[in-house]
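Number of protein chains: 2
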Amino acid sequence: MKLSDLKTPALVLDRARLERNVAAMSRRMKAHGVDLRPHMKTAKSAEVARLATAGHSGGITVSTLAEAAYFVRNGFRDITYAVGIVPAKLDAVAALQNEGARITVMTDNVPVARALAEESSAFDAPLRVLIEVDSGLGRGGVAPEDPALVEIARALAAGPNVEPVGVLTHAGHAYACSSVAGIEAVAEAERTAAVAAAGRLRDAGHRCPVVSVGSTPTALFGRSFEGVTEARPGVYVFFDLFQAGLGCCTADDIAISVLASVIGHRPGHGRLLIDAGSLALSQDRSTQSQPEDAGYGLVFDVSGRRRIADLRVARVNQEHGFVEAAGGAVPFDELPIGARVRVMPNHACMTAAAYDRYDVVDGGDEVVAVWDRVNRW
Amino acid sequence: MKLSDLKTPALVLDRARLERNVAAMSRRMKAHGVDLRPHMKTAKSAEVARLATAGHSGGITVSTLAEAAYFVRNGFRDITYAVGIVPAKLDAVAALQNEGARITVMTDNVPVARALAEESSAFDAPLRVLIEVDSGLGRGGVAPEDPALVEIARALAAGPNVEPVGVLTHAGHAYACSSVAGIEAVAEAERTAAVAAAGRLRDAGHRCPVVSVGSTPTALFGRSFEGVTEARPGVYVFFDLFQAGLGCCTADDIAISVLASVIGHRPGHGRLLIDAGSLALSQDRSTQSQPEDAGYGLVFDVSGRRRIADLRVARVNQEHGFVEAAGGAVPFDELPIGARVRVMPNHACMTAAAYDRYDVVDGGDEVVAVWDRVNRW
Chain P
11 MKLSDLKTPA LVLDRARLER NVAAMSRRMK AHGVDLRPHM KTAKSAEVAR
61 LATAGHSGGI TVSTLAEAAY FVRNGFRDIT YAVGIVPAKL DAVAALQNEG
111 ARITVMTDNV PVARALAEES SAFDAPLRVL IEVDSGLGRG GVAPEDPALV
161 EIARALAAGP NVEPVGVLTH AGHAYACSSV AGIEAVAEAE RTAAVAAAGR
211 LRDAGHRCPV VSVGSTPTAL FGRSFEGVTE ARPGVYVFFD LFQAGLGCCT
261 ADDIAISVLA SVIGHRPGHG RLLIDAGSLA LSQDRSTQSQ PEDAGYGLVF
311 DVSGRRRIAD LRVARVNQEH GFVEAAGGAV PFDELPIGAR VRVMPNHACM
361 TAAAYDRYDV VDGGDEVVAV WDRVNRW
Chain D
11 MKLSDLKTPA LVLDRARLER NVAAMSRRMK AHGVDLRPHM KTAKSAEVAR
61 LATAGHSGGI TVSTLAEAAY FVRNGFRDIT YAVGIVPAKL DAVAALQNEG
111 ARITVMTDNV PVARALAEES SAFDAPLRVL IEVDSGLGRG GVAPEDPALV
161 EIARALAAGP NVEPVGVLTH AGHAYACSSV AGIEAVAEAE RTAAVAAAGR
211 LRDAGHRCPV VSVGSTPTAL FGRSFEGVTE ARPGVYVFFD LFQAGLGCCT
261 ADDIAISVLA SVIGHRPGHG RLLIDAGSLA LSQDRSTQSQ PEDAGYGLVF
311 DVSGRRRIAD LRVARVNQEH GFVEAAGGAV PFDELPIGAR VRVMPNHACM
361 TAAAYDRYDV VDGGDEVVAV WDRVNRW
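Protein chains in written order, with our numbering: chain P, 11 to 387; chain D, 11 to 387.
Simulated from the structure, these hints should not be mistaken for laboratory data. Treat the hints with care, since some could be wrong.
Intra- or inter-copy, both count: the list cannot distinguish identical chains.
What the hints assert, rightly or not - Each computed DSSO-like pair below joins lysine-lysine, with the alpha-carbon atoms no more than 30 Å apart:
1) Lys12 - Lys40
2) Lys12 - Lys99
3) Lys40 - Lys17
4) Lys17 - Lys99
5) Lys40 - Lys99
A quick note: this is a predicted structure, and the numbers were derived from the prediction, not measured.
Could you build all of it, start to finish, from the sequences and the hints given here?
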């Protein structure tokens, strides 16, 4: 099977780029003495997880319990579910534990901590719980100096079957940075928040073996990981145009793209149409805030290596992408109806979520493997 | 099974609202003597299609060949694939025809018309082809006065096994209107473009039995359908906040919503978190251009009938929705962690695409049915 044989739109994964991205992050984390617990919310793929955990403890991070169940089925045994738990989801956690997996959950809330302490008492294995710390994102988490931090730890410790394992934070506000210096500062804030919270817990007599941080930008640009035990970057496995705009990668590192067919010409509008629209590309517009606004994605040739003129997907409808030139002219002759292009995505997590498979290439146009992925909840 | 037993996030479909929406559009089209060929790109559900086609010819419209295959499997036999065809997709069309379905494809391009004429010669059944007309959207289609219109018809007529069936247009630019008068004008432009194109084809000696128009706003507000044979609205089956902002419905008509759980409280930020983020709600921001910007959706109680304070999803991350009050305060006491809410969507087509099932309710909290839907390509 070749790229020219695939139905479009299709999600193409360039294995060589993936392996390069994965190896670089692994080396970096090893150099800092930090375990890499990759966040699989981007790839949602057992094949990618195997590559990304190589040489590390084998632990992964997930964003849904459907991911957790998929990775347990695929042999992963150490999984952190890094979205605040609610008691109604404990049954699913217990079921996975009973299959032999170690599922670590997370909370930032005293009543939930009390409920975890109580409801886990009937579990076969201890329930592992992290306390979520806010290092500046303003999403989940308690501030390191918030008295609730120790109160949560105390509530967890009161549970006969809870294993409090430490603290976790995510500096997602690194995405708002416009310079490497800015990312470095956020990375340091992420580290110090987590380390400070761990210190307060230890001072209060609680164990805190895990000090978990992580985002792709802070993992790439953090200068110190002192006191940190693990990092949880995710999007680095694929990268995307937003990460390129942040300075985390170049367009040549982007490992996934959407294979699409040209389905219409509108020379009078300076526009051609492709069969990848808001469902196939996502409606992510994160590059809008960056110096180069990529629209809904940049248009490359079918090799994925050469951008065609300065084409980008300027607008999307459900199954139509409106391709326009940023400045010059659309090369209609190079792109007759039926021609194939590859669209580099703004945000890999969002684009990949529209697909249940990766068509894997090794730089060429031969599809060398098909990898599944898990979606939904 | 009750709503309180469902895993969250989940897509809830209110059958009473669906039936009301479907019946109203059916009555309206019958009153105008127009066949209703509902566009199933929104619902992608055989159960919905059965309701929506009741009392009409039974034909439907689809946006992908995966939809076409699903509906053929579910017994539908008359399907218009309303996205410009490319020759590489003809094999899939032929396969569906060989299962007994009548698949009508569409083009706006002379070389494609020639390819259809040639490649369909080996088909068992004639290939039915519509010519796409642009009534002002600027997406696909030839203008009614464009000489290419007749040239395409001539190229198709030269095919030994092509059945040219007429013209199709979609006035998607009705979505940019800010008044009913504006929608009425676009509807009239849609009708006159299609009718003019049909007239030109007939004048040139071509048959043109089908004159197809359609979008939800123009179907609802068009004053005349003279010369039109069928309409293809889609989102009206569910409606959404964008359609409410356009004046096509009220919030009480919206038939789908996302059931979500409260997973975090950040009173210091005036914010609570739910487990429905950019994947569960979509990143659609179409209401941004309307007087009431609904963010990523408005937050209702679990009955789906009462908006809670003036809460909306102000921001999304992949699995987190940031719920904030537009003006007043967030009622944290009413929404403890674990509480459930229903989020009304900006754009039903985008939100529903994240799910492979509908949990159907009949106004109450009992899940009375589970309906599947088809996704991907």
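Hint check results:
1. Neither within a single protomer nor between protomers do Lys12 and Lys40 lie at most 30 Å apart by alpha-carbon distance, with minima of 37 Å and 48 Å respectively.
2. In this assembly of identical chains, the alpha carbons of Lys12 and Lys99 lie at most 30 Å apart only when taken from different copies (16 Å versus 43 Å within one copy).
3. When the C-alpha separation of Lys40 and Lys17 is checked against a cutoff of 30 Å, the pair qualifies neither within a copy, at 41 Å, nor between copies, at 38 Å.
4. Within a single copy, Lys17 and Lys99 get their C-alpha atoms only as close as 38 Å, which misses the 30 Å cut-off; across copies the closest is 8 Å, which meets it.
5. Neither within a single protomer nor between protomers do Lys40 and Lys99 lie at most 30 Å apart by alpha-carbon distance, with minima of 34 Å and 48 Å respectively.
The structure fails hints 1, 3 and 5 (numbered hints given earlier, in ascending order).
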